[in-house]
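Novice: Each chain is listed here by its residues.
Number of protein chains: 2
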Amino acid sequence: MLDHPRKGRLLTEDDIIALEIGAGILGTGGGGNPYIGKLRAREMLRADYEMRLLSLDDLDDEAQIVAVGGIGAPLISFERIKEGREGLRCLRALEHRLGFTADAIGCEEIGGQNAMEPLVVGAMAGLPVVDGDGMGRAFPEMQMTTYSIYGHRSTPSVMCDPHGNVVSFDHAITEKWHETMARACVIAQGGASVLASAPMSGAFMKRYAIPHTYTQAIGLGQAVIDARKTHDDPVATICAREGGQHVFSGKITDLQRHFKGGFNVGIARIEGLDDCRGSQGEIVIQNEFLIFRRDGEMQVCVPDLVVVLELDTGLPITTELLRYGQRIAVLALPCHPLLRSDEALNVVGPAAFGHPDITYAPLAEKGAA
Amino acid sequence: MLDHPRKGRLLTEDDIIALEIGAGILGTGGGGNPYIGKLRAREMLRADYEMRLLSLDDLDDEAQIVAVGGIGAPLISFERIKEGREGLRCLRALEHRLGFTADAIGCEEIGGQNAMEPLVVGAMAGLPVVDGDGMGRAFPEMQMTTYSIYGHRSTPSVMCDPHGNVVSFDHAITEKWHETMARACVIAQGGASVLASAPMSGAFMKRYAIPHTYTQAIGLGQAVIDARKTHDDPVATICAREGGQHVFSGKITDLQRHFKGGFNVGIARIEGLDDCRGSQGEIVIQNEFLIFRRDGEMQVCVPDLVVVLELDTGLPITTELLRYGQRIAVLALPCHPLLRSDEALNVVGPAAFGHPDITYAPLAEKGAA
Chain A
1 MLDHPRKGRL LTEDDIIALE IGAGILGTGG GGNPYIGKLR AREMLRADYE
51 MRLLSLDDLD DEAQIVAVGG IGAPLISFER IKEGREGLRC LRALEHRLGF
101 TADAIGCEEI GGQNAMEPLV VGAMAGLPVV DGDGMGRAFP EMQMTTYSIY
151 GHRSTPSVMC DPHGNVVSFD HAITEKWHET MARACVIAQG GASVLASAPM
201 SGAFMKRYAI PHTYTQAIGL GQAVIDARKT HDDPVATICA REGGQHVFSG
251 KITDLQRHFK GGFNVGIARI EGLDDCRGSQ GEIVIQNEFL IFRRDGEMQV
301 CVPDLVVVLE LDTGLPITTE LLRYGQRIAV LALPCHPLLR SDEALNVVGP
351 AAFGHPDITY APLAEKGAA
Chain B
1 MLDHPRKGRL LTEDDIIALE IGAGILGTGG GGNPYIGKLR AREMLRADYE
51 MRLLSLDDLD DEAQIVAVGG IGAPLISFER IKEGREGLRC LRALEHRLGF
101 TADAIGCEEI GGQNAMEPLV VGAMAGLPVV DGDGMGRAFP EMQMTTYSIY
151 GHRSTPSVMC DPHGNVVSFD HAITEKWHET MARACVIAQG GASVLASAPM
201 SGAFMKRYAI PHTYTQAIGL GQAVIDARKT HDDPVATICA REGGQHVFSG
251 KITDLQRHFK GGFNVGIARI EGLDDCRGSQ GEIVIQNEFL IFRRDGEMQV
301 CVPDLVVVLE LDTGLPITTE LLRYGQRIAV LALPCHPLLR SDEALNVVGP
351 AAFGHPDITY APLAEKGAA
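So the sequences go chain by chain: A and B. Using this note's numbering, the letters of the first sequence map in sequence onto residues 1 to 369. Using this note's numbering, the letters of the second sequence map in sequence onto residues 1 to 369.
Do not rely on the hints blindly, as some may be mistaken.
Since the list gives no way to pick out one identical chain from another, each pair is judged satisfied if it fits inside one copy or across any two copies.
Taking lysine-lysine pairs in the DSS-like style, the calculated list, with each CA pair at most 30 Å apart, reads [as the list claims (entries may be wrong)]: (1) Lys-7 with Lys-82; (2) Lys-251 with Lys-229; (3) Lys-206 with Lys-176; (4) Lys-260 with Lys-206; (5) Lys-251 with Lys-7; (6) Lys-82 with Lys-229; (7) Lys-251 with Lys-206; (8) Lys-7 with Lys-260; (9) Lys-206 with Lys-229; (10) Lys-176 with Lys-7; (11) Lys-260 with Lys-229; (12) Lys-260 with Lys-176; (13) Lys-176 with Lys-251.
It is worth saying that the hints were derived from the structure and are not from the lab. These numbers come from a predicted model, not from an experiment.
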């Protein structure tokens, strides 16, 4: 059993503020806005709760880690305040159900609002949060984690809603079935619930979690804050940190968005500015920014990250906040190698998002450019 | 603990054949067609399984009874064959979960196909089925049982689908929330699953189950079979047995059906024949036959039973089998007094079906006419 309560680095309010920005950037337009989660986390720190971040290196192989995350429509959870203890109730119900005690809390998705939920639950339970996640970005469905891709069965799981209802997914024949049933249920519950998945071992997480993504997101957010203070270019700062490329600058000239098959889908067209004058950019949206094309040629594609920032401030823009006339920078960040295997591309490659015609061409990896 | 395995009356193939007709009549047009269930039950009897019917009088107060029933869209479960052991898996998962052993199987809904499911599960588990149910007819939603109405909390429950997925509803803040979440989940599972509810005590069932409804349905079906053999009038036979009234005979001249808010809703208009020549009948459909009006005046209304039979054969017609030009008899059968209390009318009265303008006027009770 892990000597858990006192392990890990204590997070500060400044870390949470930076995490909001970093998680927003890694959300690639989706994953929900981390703003409400930031407020919750900050209030907890002010009320003397402790938030600890535990490196994967410090995790015992035998430790049992429960990943928790919000499930539902991101826009709903931005507008509808949580009851607040949904995640803790999930954790306790799962522990009671399976007869174990969690050693640490895990994160499913560092991109967007699910960066915050594990911190809140960890603080309430007195447990550290593992510094890593299952996506390294945001994806719209539960089976799209490296945990699921590399063999973890996420059932039995427990889902709690703000009303007090509790549902267990005892067994799903596939990870996708788990997603399908939980998705239907959360919609019935009002669209903003929390789910805790079956525990993972420390040994499994060390191998298959995308590592250090809390540290990465906090550092990224802090770099943007610092760049703005010193009037440096935040876009260049982000690219330098992440081994990314600034692939386009432009003004949004056309925006089509609609709801199809449970996804927010659409296209944003961008007229080039500055170095890109005379070029046309196009972003394909499917909850997240999925694909970027320049003058009809694909430049970046899922699972690599298409990040959209305000050109002037370097702050991330989510898909629902795109507006006609906005001046934006499009960045391409390489995804983690765990998302580039054949197993992973089957689940999170372009074909999994309905683009079987597109062959994934990986961006140069961080440090390789 | 109940001395259960050898108690109760053994059912025969003839009983099952009669039950198909009787359950169809008490289904008031809904509850699903019991035909497939009859085939399953008959095959089990031929394979030497035993089906036992246990009178409420023979039930120990301390006995623990698990009610099981199909949930989903009746039409789907008529066209899509079950895996077959969903109900048994639900029972076992619930027993394991709560750490008890069921003494008998209960029925939620005698009307339609849910008359058969408990018999199949009871036969597989070697347990008798209690002679009674929670509706005395068919209703479209789970909270519409006398069990729920009179205080049983049906969670924790377990739902199994034909694929092998298992979901538990651990806690629902109301019975209606249980219905809402289970309904969403079963739709995701393909529309034809089985659910086992939290156990009831023998003492509770003696007080709040609608009694003897298996015996009633089997007797009713047998009476129709006998009347057809002896060329007696099956419609008159049913009315005599059930204390009901033959309120209309006619030909369907107009039929409107559509899907609204999860219900099959519609109206059937009937031109009078025989004694009813010159009159117009109208049936309001909401999964079941809900209301019957003659020349604009309400004659029968939920929770009393509006039963539609083929005029010539006395065989029940379900809402989806109504056709233009059909010659039908409309019967009114009084519901059980347990459905007529204020508590019950709040859940299964006309207002609960979206007709707050209609005041329920009870039919004369069985034996009182």
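Novice: All hints, please: hold or fail.
Specialist: Here is what the structure says about each hint:
In this assembly of identical chains, the alpha carbons of Lys-7 and Lys-82 lie at most 30 Å apart only when taken from the same copy (29 Å versus 51 Å across copies). With identical chains, the CA atoms of Lys-251 and Lys-229 are at most 30 Å apart within one copy only, with a shortest distance of 25 Å there and 83 Å across copies. For the identical chains of this complex, Lys-206 and Lys-176 are intra-copy neighbours only, at 24 Å inside a copy versus 43 Å across copies, given an alpha-carbon limit of 30 Å. In this homomeric assembly, Lys-260 and Lys-206 never come within 30 Å of each other (Cα to Cα): the closest approach is 37 Å inside a single copy and 50 Å across copies.
For the homomeric pair Lys-251 and Lys-7, neither the shortest alpha-carbon distance inside one copy (47 Å) nor that between copies (79 Å) is at most 30 Å. For the identical chains of this complex, Lys-82 and Lys-229 are neighbours neither inside a copy (33 Å) nor across copies (65 Å), given an alpha-carbon limit of 30 Å. For the homomeric pair Lys-251 and Lys-206, neither the shortest alpha-carbon distance inside one copy (42 Å) nor that between copies (73 Å) is at most 30 Å. Neither within a single protomer nor between protomers do Lys-7 and Lys-260 lie at most 30 Å apart by alpha-carbon distance, with minima of 45 Å and 55 Å respectively.
Neither within a single protomer nor between protomers do Lys-206 and Lys-229 lie at most 30 Å apart by alpha-carbon distance, with minima of 36 Å and 75 Å respectively. In this assembly of identical chains, the alpha carbons of Lys-176 and Lys-7 never lie at most 30 Å apart, being 34 Å within a copy and 44 Å across copies at closest. Proximity of Lys-260 and Lys-229 under a CA criterion of 30 Å is satisfied in neither setting, with 41 Å inside one chain copy and 57 Å between copies. In this assembly of identical chains, the alpha carbons of Lys-260 and Lys-176 lie at most 30 Å apart whether taken from the same copy (18 Å) or from different copies (29 Å).
Proximity of Lys-176 and Lys-251 under a CA criterion of 30 Å is satisfied in neither setting, with 38 Å inside one chain copy and 50 Å between copies.
The earlier numbered hints that this structure contradicts are 4, 5, 6, 7, 8, 9, 10, 11 and 13.
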